[in-house]
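If you read the protein sequences in the order shown, they are chains A and B. Residues 0 to 700 in numbering that gives the first Met the number 0 are what the first sequence lists, from first letter to last. Residues 0 to 700 in numbering that gives the first Met the number 0 are what the second sequence lists, from first letter to last.
Please keep in mind that the hints were generated in silico from the structure rather than gathered at the bench. Hints are supplied without guarantee of correctness; some may be wrong.
Stated by the list, open to error - Below, in silico cross-link-like pairs of lysine to aspartate or glutamate (EDC-like), each with a Cα-Cα straight-line distance of 16 Å or less:
1. B/LYS499 / B/ASP637
2. B/LYS250 / A/GLU692
3. A/LYS691 / B/GLU641
4. A/LYS272 / A/GLU221
5. A/LYS250 / B/ASP307
6. A/LYS250 / B/ASP637
7. B/LYS76 / B/ASP23
8. B/LYS267 / B/ASP307
9. B/LYS655 / A/GLU221
10. A/LYS681 / A/GLU692
11. A/LYS655 / B/GLU221
12. B/LYS256 / B/GLU185
13. A/LYS35 / A/GLU494
14. B/LYS691 / A/GLU689
15. B/LYS250 / A/ASP695
16. B/LYS314 / B/ASP271
17. A/LYS655 / B/GLU185
18. A/LYS691 / A/GLU670
19. A/LYS681 / A/ASP695
20. A/LYS340 / A/GLU560
21. A/LYS35 / A/GLU64
22. B/LYS331 / B/GLU345
23. B/LYS655 / A/ASP262
24. B/LYS335 / B/GLU560
25. A/LYS507 / A/ASP622
26. A/LYS314 / A/GLU345
27. B/LYS429 / B/ASP415
28. A/LYS76 / A/ASP143
29. A/LYS411 / A/GLU510
30. B/LYS688 / B/GLU670
Claimed, not checked - Every beta carbon over 12 Å from chain A, so not counted as near; a handful from chain B, in silico:
31. PRO79
32. LYS179
33. ASP188
34. LYS256
35. LYS355
36. GLN536
37. ASN537
38. VAL576
39. GLN669
40. ASP695
Heads up, the beta-carbon is just placed ideally off N, CA and C, and yes, glycines get one too.
Number of protein chains: 2
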Amino acid sequence: MSSKLIFLLLLTTLCKAGTPDRDDGYRLWLKYDLIKDATKRAAYARSTQLIVLNSTSPIQKTAAEELQTGLQGLLGKTVPIVASAGGKTGGITLTTNAAASLNSEGYQLSNQQNTITITGKTDAGVLYGAFALLRQFQTLQPIDRLSLTSNPKIQHRMLNHWDNTDGSIERGYAGQSLWKWYELPERIDPRYRDYARANASIGINGTVVNNVNASSRFLTAEYLQKVAALANVFRSYGIKVYLSVYFPAPKTIGGLKTADPLDPEVNKWWADKVNEIYKFIPDFGGFLVKANSEGQPGPQDYGRNHADGANMLAKALAPHKGIVIWRAFVYKADGKADRFKAAYDEFNPLDGQFAKNVIVQVKNGPIDFQPREPFSPIFGTMPKTPLGMEFQITQEYLGFATHLVYEAPIFKECLDADTYVSGKGSTVAKVVDGSLHQYPLTAIAGVANTGSDRNWTGHPLAQANWYAFGRLAWDHTLSSEAIANEWVKMTLTTELSSAKTITDLLLKSREIYVNYNTPLGLSRPWTGVHFAPEPWQNRSSRPDWTAVYYHRADSLGIGFERTAKGSNALAQYRPEVQQQWNNPATCPLPYLLWFHHVLWTQKLSTGRTLWDELCTRFYTGADSVGWLQKQWASVRKDVDSETFANVAGRLETQQKEAIWWRDAWVLYLQEFARQPIPAPFKKPERSLKEVKELVDIYQLR
Amino acid sequence: MSSKLIFLLLLTTLCKAGTPDRDDGYRLWLKYDLIKDATKRAAYARSTQLIVLNSTSPIQKTAAEELQTGLQGLLGKTVPIVASAGGKTGGITLTTNAAASLNSEGYQLSNQQNTITITGKTDAGVLYGAFALLRQFQTLQPIDRLSLTSNPKIQHRMLNHWDNTDGSIERGYAGQSLWKWYELPERIDPRYRDYARANASIGINGTVVNNVNASSRFLTAEYLQKVAALANVFRSYGIKVYLSVYFPAPKTIGGLKTADPLDPEVNKWWADKVNEIYKFIPDFGGFLVKANSEGQPGPQDYGRNHADGANMLAKALAPHKGIVIWRAFVYKADGKADRFKAAYDEFNPLDGQFAKNVIVQVKNGPIDFQPREPFSPIFGTMPKTPLGMEFQITQEYLGFATHLVYEAPIFKECLDADTYVSGKGSTVAKVVDGSLHQYPLTAIAGVANTGSDRNWTGHPLAQANWYAFGRLAWDHTLSSEAIANEWVKMTLTTELSSAKTITDLLLKSREIYVNYNTPLGLSRPWTGVHFAPEPWQNRSSRPDWTAVYYHRADSLGIGFERTAKGSNALAQYRPEVQQQWNNPATCPLPYLLWFHHVLWTQKLSTGRTLWDELCTRFYTGADSVGWLQKQWASVRKDVDSETFANVAGRLETQQKEAIWWRDAWVLYLQEFARQPIPAPFKKPERSLKEVKELVDIYQLR
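Pulled out of the complex, with its shape left as it was, chain A reads as follows (with noise of 0.2 Å):
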């Protein structure tokens, strides 16, 4: 868009009456809201007199655009975009160079005389450093001196769709899907720009626009040129469209008779499809699959393993340099087994066996994306397998939409853990990031929250997992802190007070969650649609899908054994990990019933025992929602007043709900440990019946 047709839309807006006073959200940590430091405005703008785009490229066109809107709102100011400074300083001039010391995104960001330079060795580095700058800008920094180098660490960063072709999505809790498949390809919603938009200025560069429980529609001639019109949209933001394909497309859309992964017809099948997807897509980045794995069929079916299966899809995808992302997410309905194990199990043993164009993609914890998981034991194993990081952005475990979780110290947590693998310092992060084991490909992705809500997340602070997930797959050396800070500034407010508070409650937001919902190591509590507590629950189609699976509470005491005294599910880790986790004495209390069965009247590190400090925990974390009530309501002045509002309600609906969730675990395993409720904690106001009367509403059809 030229900058004098953005003007005169700018204008536009700014004449047009009826239009909703609030702020609903949709402009994300974008905002670029006037600058209210009319100091820091001139200080700004003596840099930013001009957009200097020398280049084509359609990549590069769109950073000079992204930097000409930013600058537009924050300095209320029109930035020409020209082709050369003519010998004028004070301006942006945005470059290319392949010799420059960046890997192939990165991007320096440099200010001499008033003069700022992105450089990047590629049109993509340029746009990060647009945006990187935009930031600067957008949380007043100092720039006189600016001199940035970024590279990202991991190449894939990807944000994976849940989404199905009906517009529902699988675990999704803000609203349908983005994508409009009834529309495409003719229509185009203004919106999959500002989608691409917001996932290019925190560096997401892949996207698997639909669920991994996967549809054929989608390697079908008539969707994929829906998918083409989305690819289009997002080519100039530097991002790459994947799919997530169901395994026995040959013989459901191909009119095969087997999905064999060793069939030659199928092996022909697939390259031909493949061949087919990039004429409508060049650019297309790969597939995602999910196979032998919740019902989803795939080559265990024939006999066969998931390398088979993974390398026959690589072998079609490789001429043009697309890749598999085969997922490490398994489980057989194996009621003696513990369900820990089995991702291990089958995959360690296929340890170099992989095509060099496939990428495992592992979930950070052995279960299901709980509120806290130890790190999967195959982050310490593989080395001759590329392992990518499958992290969950929606909120299916973490309350939906209305319970204010801020994730980055899940996502941390993880990356932080050492896996001993090659000794002392084998952090997951340098597992995925490929620098431990030198991967050729590397990859990280985050199930996404997104939706069609305008606000796109739902709970508006959800946003800031979505920055978080983006700014943590580029850096992960980033602090949890530092990116909350960063995300509340950009987004709610740059009052320092108020912006310290909020950034105070989004940290202490996790670990609240964990005190009332599944702490010391709890896991899985849920009812049917992952909604309400019922830890009670024991019956179900599969026995690793009912609750009492997970925690074995009984007249002793509660918690899985892993050790060789139970399923010995530790021995999958290597023996500095075991040794930390191995004795109850002095197993970390956050893994504690990961590990062990532990008696309720066993002494914690506390000074409590058991039964008392999961008491603390469920009291403590329950009654601190109102303290994050009380940070919220402190901040009311310098936050927009539908935002505060939205999030005031939201926290209500949390306090009611932790509650909840406190009442039914305590009144629940009451029953074994058969002890009272310690002082000076009341006993909840209900009886275990009422509970569970409430969880049975939301059960109803």
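On the provided structure of chain A, position chain B as indicated by the hints.
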């Protein structure tokens, strides 16, 4: 909200940079953009210098605020709301007058010496008058001799939302449900108020918030709190809340062993439940019930009839002045019977047996919201039973959100149809508005097309259908054209020539759709989700859920014989109606195949054989979408650019799919008719097999 606050908020809006620069359709027909013509603004300004509100009624307060908001936008000035004119002329006075010759919700608008008076018998009348006045301004009417009286012809003017607890909408094509059940009652989405504003502006005074395939959840205290929170928002807009109920709720949530409507315990349970509801919602409207229909349980499960079921609920609601709306949409799974006759057969014998606070709600046609149906024969009988109308606004059988179908002509066609029940002139409208049989209760419902999409209805022009339903519910004598023109001027453009073009395109859109979809009285040629053409569909769990059940094509001809030679459904109509439709030679072509199995070679009144006529309709229908596109292209300069592009994209999809429909029908029917495509039309470029493959894609899991 005080005038000062509104003014400040508007100022804030005007100064907020970075707001998306497109008109996203959120404001619907309440746009209130500045009137361009300064002379016109000055003329209006003379009579809008203040708003005199001498009442503490929340509804009148709403009226005053809506006037203020509207005038702020339209005239660009803040009009103060004052308690007394203090002798000044030139203002707008809101007043109620119990003695006015109006019905309870009617209004009068008058202008004397530049002082406008809005008179209602009730507060609601004043609110409707305020919106009517704004409509005068929005459509640029002269107001100096304003003298307008209007009374709603039907008492209960309602939307029915087929919205589920999980946020899905059974037949929704514009995103998720507007109701955020997991957030309620604590978080109040500002959109709830905007929903109420839009409805009140067109006279809608009731809303059933949940699906007729109802969950018992809504009758629990937990959910009643949530529903009450919505009712609290809607109340000051004169809108009452109703609930769809699950008939066996006494069993599922009441713990009883039966839901038999004649069981005393069941009666008591409902009485108690209703008392509880009115504690939460003092002005609760009543229940909507789908019973013994499409698998829903009902009174027949206990050997009782519909009246028994309805009357039991009516008894519980009567003390609170609540009503029961009992749906007549029933049919059994009997392949040998004619579904057309089912509802009449079940309900006609019950005439006079329903309690006084029961309305039987009848779909406009005998089958199910097809693009064209004859009026339901039930409207021509049951004079002792108040019959309400159920229209479908959401485009379940009208191409979802990508086909343009302006529905006022569908509604009008039914309302204007003559049942002859009390002699000539006994139109369906006179049945429904109660004037024919002196009903004590009258009601009309539209199955909502609203969803969480930013523009509410997906297709921007589908907003006109919501609007038209409301306007016709208020006054069914309005013409489709007048409503379309009014809506266009309020929503898209006041430029006369373009407004006329768009009005014309709206008016023709339904006939165009019928031509390529179901011409000459064809019906129900749909795939499972009612998206793609599948006239060949012949397998289903029920015979009346196949396509071939409806069209009955064979080697000789096509159509469902419903004269005495066939099912004799025609006998359900009055003799005068039978006479119109009984003879295939004189039966109007739009209804021909509804009542007659006609030979392919039969010459029709058009001079063409049936086969040639069908082909002509399919082809001209599909071609006419090109005409729609051209017409739309011609208004580009007068329509907001984003809205323009949005509609243009959808028309492109419609064009593609219209050809798909055409090809599906002609290629499939050709297998029976064994005749060539008549000149000048060219045979489809694809084979029936290819068409079927395309359809199959949309049915892939």
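Using Cβ atoms and 12 Å as the threshold, tell me whether B/LYS256 really stays out of contact range of chain A.
Holds: least Cβ distance 18 Å, greater than 12 Å.
Hey, A/LYS340 versus A/GLU560, does the alpha-carbon distance stay inside 16 Å?
holds, 13 Å
Taking 16 Å as the top limit, are the C-alpha atoms of B/LYS429 and B/ASP415 close enough?
The given pair, whose Cα atoms are some 9 Å apart, holds under the 16 Å limit.
Please verify whether B/LYS688 and B/GLU670 have alpha carbons no more than 16 Å apart.
holds, 12 Å
Would the pair B/LYS256 and B/GLU185 pass a check requiring their Cα atoms to be no farther apart than 16 Å?
Given pair B/LYS256, B/GLU185 is violated - Cα atoms ~35 Å apart, limit 16 Å.
Pair hint outcome, B/LYS335 versus B/GLU560 [Cα-Cα no greater than 16 Å]:
Status holds; Cα separation ~13 Å.
Is B/LYS655 close enough to A/ASP262, meaning Cα to Cα at most 16 Å?
violated, 38 Å
Would you mind confirming whether the straight-line C-alpha gap from A/LYS314 to A/GLU345 stays at or under 16 Å?
violated, 22 Å
Please check whether the beta-carbon of B/PRO79 is more than 12 Å away from every beta-carbon in chain A.
holds, 18 Å
Is the straight-line distance between the alpha-carbon of B/LYS250 and that of A/ASP695 16 Å or less?
Holds. B/LYS250 to A/ASP695 sits at ~14 Å (cutoff 16 Å).
Between A/LYS681 and A/GLU692, is the straight-line Cα distance small enough, at 16 Å or below?
Status violated; Cα separation ~21 Å.
Consistency of the no-contact label for B/GLN536, given chain A and a CB cut of 12 Å:
Correct as stated: the minimum Cβ-Cβ distance to chain A is 19 Å, above 12 Å.
Hints 3, 5, 6, 7, 10, 12, 14, 19, 21, 23, 26, 28, 32, 33 and 40 from the list above are not met by this structure, while the remaining hints are.
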